[in-house]
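Going down the list, the protein sequences come from chains W and C.
The first sequence lines up with residues 1 to 258 when you count with my numbering.
The second sequence lines up with residues 1 to 252 when you count with my numbering.
Please keep in mind that the hints were generated in silico from the structure rather than gathered at the bench.
Do not rely on the hints blindly, as some may be mistaken.
What the hints assert, rightly or not - No farther apart than 20 Å at their CA atoms in a straight line, the calculated lysine to any residue pairs in the SDA-like style are these:
id, chain 1, residue 1, chain 2, residue 2
1, C, K151, W, G142
2, W, K160, C, A148
3, C, K82, W, T226
4, C, K82, W, T195
5, W, K160, C, P233
6, C, K82, W, Q98
7, C, K82, W, G142
8, W, K160, C, H248
9, C, K82, W, R152
10, W, K160, C, L122
11, C, K82, W, R212
12, W, K160, C, E12
13, C, K82, W, D144
What the hints assert, rightly or not - Beta-carbon label-pair distances, calculated as ranges:
id, chain 1, residue 1, chain 2, residue 2, range
14, C, A111, W, D144, 44 to 52 Å
15, C, T232, W, A243, 55 to 63 Å
16, C, L243, W, K160, 39 to 47 Å
17, W, V103, C, D124, 56 to 64 Å
18, W, S141, C, D124, 31 to 39 Å
Claimed, not checked - Residues from chain W that face chain C, not an exhaustive set, calculated with beta carbons under 7 Å:
id, residue
19, S153
20, P158
21, K160
From the three backbone atoms N, C-alpha and C, an ideal C-beta is built for every residue, glycine too.
One-letter residues, chain by chain:
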Amino acid sequence: MKAVRLATPLFAVLLVAAVWQLAVSVFKVPAYVLPSPSQTWSALGDDWTNIRSLAAQTLYESAIGFLVGAGIGFALAVAMAHVKIAHRVLYPILIATQAVPIVAIAAPLVIILGYGLAPKLVIVGLIVFFPVVVNVLDGLSGIDAGMVNLARSMGAGPVKIFLLIRLPATLSPLFSALKLGAAYAVTGAVIGEWTASITPGLGKDLLLKNSRLDTAGVYADVLLLTAIGIGGFLLMTILERVATPWRTRSTARRWFRR
Amino acid sequence: MTDTKLTIDGVEVRFGEALALAETGLEVKNGEFITFVGPSGCGKTTLMNVVAGLQRPTSGRVLMDGQDISGRPGHVGYMFQKDLLVPWRTVTGNIVLGAALTGRATNADRADARELARRYGLGDFVDHYPHALSGGMRQRVALMRTLAFHKDVLLLDEPFGALDAQTRLEMQQWLLQVWADSGRTVLFITHDVDEAVFLADRVVVMSPRPGRIQAIHDVGLPRPRTVDTLLTPDFMELKSQVLAGLYHHMEG
Ligand SMILES: Nc1ncnc2c1ncn2[C@@H]1O[C@H](COP(=O)(O)OP(=O)(O)OP(=O)(O)O)[C@@H](O)[C@H]1O
Ligand SMILES: [Mg+2]
């Protein structure tokens, strides 16, 4: 059963590649318009040492931006859930940050923050923090009031109630947001590189290859960017399973039993 | 031992304009078992919330061992109408919740919790999460959690509401056993008049609009009580008295 579950998505990917390959050969599409999977694959292999370090740079920007965005998002949600005035002041601002087109603020950000890592972190963070705030807020406000009353009836203080009752209730919605954020973070890093970069990364490389009509090289970069996004998503899925065992298991894991 | 444990002194609760509980007084003796019956909305839960310190009375106060505990939680074990098990804690984790919330759940606490679970038929489920338990099992865990909180006074709000008749009778006898062993004081809400009379030293009948104590019946039935107690003429007589009071109110 487990083998089948793992094989199915792999099979789907292979199927897409096969159809793609077939279409390119049947309709004789030139490589600068649409390279075939095999051409993309060899472009990846030919330039591997270079592409690998570029990918590492982009991965670094995405990961740090993701952590910063998620951290700020979580902190904001906790503050907003506990301080009414913070909620009223911050909520419209949060919505506004998402209404602003990211591409439009990328250039001004460079003027303020320069060409280094900072503007990229801001862009990735802006994308990641929003679903985290919204979901964690939902988690905090969706807590059964009876559960909090039960804890109060036992004489528990606000800190203990937060740590043992409120905080764990945010985990499931938090991970839903983190899965989204992991997939979006790479997009943020690429936009950041396009507008504000002297350090080379996959996004920058993509533009360069595009201008040279090296379409297979562009696709190779895209393939790697996609892989980073999927990898982040999978990592979050695994972390979610470990962090919220009660959602998928009927008993506690053996090494957590006390 | 027979001194006063709990004094409910002129307690009144309003929610805005609405009078949920009219001025109510009750003295509870140390180790006494009191049951509360009455139609829905007559303020039973509200009264428990006041005794638990969760609801500050609009006027009046609650004394425990002579100390004013109105509006000060943490002095009683309170089992709510809903089981309110914490989804991310196992059965053991839920039983030791009180210790975890007020300090630290030690290994000894956990061992006690597992022992408690084992003794009362949940030995195979100590590491289960609540979602994997039946309604009756959840109810029992909630009761064990209340017991494991080690307070002299237990407030039980319809603890056996979700149980089938047979399990219910077993649980009632178990509770009487626990109560007899520990000498704790119990305030117990139920909708079931049989249950109210079977368990109690005194049955408090409440009536609504506004919520208040309508009558108090002394139950002199000898202990320990068994299934046979349910068939004695004395039991029948008491039950019909309590029912008459409830029924009389509904007609009026
Ligand atoms: N937080 C609250 N705000 C406003 N009104 C409330 C609140 N809690 C209870 N009430 C009202 O107080 C009255 C008594 O409620 P309570 O829950 O004490 O009844 P009860 O006797 O426990 O009923 P049941 O048997 O259905 O549990 C009801 O009319 C209810 O609507
Ligand atoms: Mg009630």
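Out of the numbered hints, which ones does the structure contradict? Numbers 1, 3, 4, 5, 6, 8, 10, 11, 12, 14 and 20, in rising order.
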